[in-house]
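J.: Protein sequence lines correspond, in order, to chains A and B.
With positions in the first sequence counted from 1, the corresponding number in the numbering used here is that position plus 3.
With positions in the second sequence counted from 1, the corresponding number in the numbering used here is that position plus 413.
Mixed in with the good hints, there may be bad ones.
Cross-link-like lysine-lysine pairs, in silico, PhoX-like; alpha carbons within 25 Å at most [as the list claims (entries may be wrong)]:
#, chain 1, residue 1, chain 2, residue 2
1, A, Lys65, A, Lys50
2, A, Lys65, A, Lys173
3, A, Lys65, A, Lys54
4, B, Lys440, A, Lys173
5, A, Lys173, A, Lys153
6, B, Lys440, A, Lys65
Keep in mind the hints are simulated off the structure, nothing from the lab.
It should be emphasised that the depicted structure is a prediction, and the values quoted were computed from it without experimental measurement.
Chain by chain, the residues:
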Amino acid sequence: MRWRRGVLATGFVGLIILCSMPALAQSEKDPTIKPMMQSLQEQQLLKELRKVEGRVTIPDSKAGILEQPQGREYQTFHERILPWLGAIVIVGMLVALALFYLVHGPIRLERPPIGIRIRRFTPLERLTHWLTATSFIVLAITGLNYVFGKRLLMPLVGPEAFSTWSLWAKYLHNSFAWSFMLGLLLMAVLWLRDNVPDRYDLEWLKQFGGFLSNRHPPARRFNAGQKLIFWSVVLGGLALTASGIVLLFPHVADIGGIQIAQYVHAVSGAVMTAIMLAHIYIGTVGMVGALDAMVSGEVDLEWAKEHHPVWVEEEQARMPEGQQSRKGTILAEY
Amino acid sequence: MNIIMTSVVTAVLLAAGAGLIFSMTQKAVYEVQAVPSVRLDDPGHNLVGPDWSGLNRTSANGKVLRST
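Okay, chain A solo, but in the shape it has when bound (with noise of 0.2 Å):
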């Protein structure tokens, strides 16, 4: 009988052990998982997911979404850092400009215009600027109201009148953000040769292209200071496209997606309008001559021999004489 006992005694502790295996096994593999002794915590789902999220059986899935810090830290850049950050970005460069204009005036020809006209741009290159600039000027306004209207224009207007432009406003800003695209492709086709880096630009650059000694350094097509302008619409227009794009399609991305895009086009557009506001300067009051260029797509020769010769002797030595070109070719006397 005692000897039955021990072996049903035996058994019974064999058993238990045998059990008790697969725990003991996991708890050597991971010993950080105690599942008795602690629950997970709520910012321990914050620390590793950054939001705590729940299943939805509604089409909306964002609705799941139960805490997201971020939103928070968003909402603070949307209606404090922003508005300040546009302003003075915006602001900053319109006294800026309007300083220099003041000291120094506009850029005059060194010597009078001679009477030659020079071709300066296609038509095809002054359409594909004057496409993408009617499209940024639209963006742009309606893109400041976004940050600026509901402080500015919303106390002038009313809420009510303010809600049905900015409606009318987005409609606009989403339908020309695809013209503008197609102007900033064409543009940079168009362009991207004649805007790489020379040993000029390094010469231009030191004497700040002029403006403080009104000399003119030596430039091919496009300066040192037309290239930097190129290259910040190029790369700012793609940031803002790729980010706009997202903005457009909200699927595509989740809710944190969103805000990181919502950074990137708010500071790109914020920072692209500034640097247009430069352009627009130098392209109209800030150079005597410019906007011909832009205009009726010709420059006296004399402004084009003081502001790019380089260019001037690379087009005039290319082309032989009489040979009509779509640029650089001296087009008649007046």
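Based on these hints, arrange chain B on the given structure of chain A.
T.: Chain B alone, transformed into the frame defined by chain A:
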């Protein structure tokens, strides 16, 4: 000057075309996300609250204030 006018018209036509395609292919969120068990109303024009802060203000009786 003709080039400028042509560019402006081209930009407007492209934008109008894009807008037309958008209006045919995209729907408002309240239309897309609605299901028989969840009914969503047209939120109107003002989507971000009465003061455009992104926060909904509530009145003393707890009702969400909207300007539209």
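J.: Evaluate each hint against the coordinates.
T.: Hint check:
1. Only pairs whose Cα atoms come within 25 Å are accepted, and A/Lys65 paired with A/Lys50 is accepted, the gap being roughly 19 Å.
2. For the hint linking A/Lys65 to A/Lys173, the alpha-carbon distance of about 22 Å falls within 25 Å, and the restraint holds.
3. This hinted pair checks out: A/Lys65 and A/Lys54 have alpha carbons roughly 12 Å apart, not beyond 25 Å.
4. Between the alpha carbons of B/Lys440 and A/Lys173 the distance comes to roughly 15 Å, so the proposed pair stays at or under 25 Å and holds.
5. Distance restraint check for A/Lys173 and A/Lys153: the Cα-Cα separation of roughly 14 Å lies within the 25 Å cut-off, and the hinted pair is therefore satisfied.
6. This hinted pair checks out: B/Lys440 and A/Lys65 have alpha carbons roughly 17 Å apart, not beyond 25 Å.
Checked against the numbered hints given earlier, this structure breaks none of them.
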